[in-house]
Amino acid sequence: MVRIGTLRHRIRLQENRLDSVSRNEIGGKVDNWIDVATVWGEVQELRGREYLASREFHAEITARIFIRYRPGLEPLRWRAVHDESGRTYDIHHVIDRAGRRRTLELLVSLVT
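Okay, so the sequence shown: first residue is 1 according to the working numbering, each after it adds one.
Hints listed in this document are in silico derivations from the structure and should not be mistaken for laboratory results. Be aware that one or more of the hints could be misleading.
[To be verified] FRET-style restraints, in silico, Cβ to Cβ:
(1) D96 with G27: 32 to 42 Å
(2) R100 with N32: 25 to 35 Å
(3) N24 with I95: 28 to 38 Å
(4) G5 with V30: 31 to 41 Å
Bear in mind that the values here come from a model prediction, so they are computed numbers and not experimental data. We treat Cβ as the ideally placed atom computed from N, Cα and C, and that holds for glycine.
Generate the whole structure from the sequences, applying the supplied hints.
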């Protein structure tokens, strides 16, 4: 259970609106991220790693974000933006640990 006092970070929840597809100047698909809500949350950085892929170094930071329960969050269609740090996280899993619809745990990775 998360204590309400620990929810001290401002988190913007954004949804990728798949119904309105935009194209860039060369015809490629552009994601349409729309701010849906601003909520209080707790961001906990879990680990970081660097890896080599396609001859380039990439960094991955995995974190979890706790927020009050909110229905309708779907992994891969939503992302979270931490206002203080400016970091954007892709949401991979949405977990209601106790099953009581009080808090959600979002398992996320940093967008690079």
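Q. Which numbered hints does this structure break?
A. Of the numbered hints given earlier, the structure breaks none, since each of them holds.
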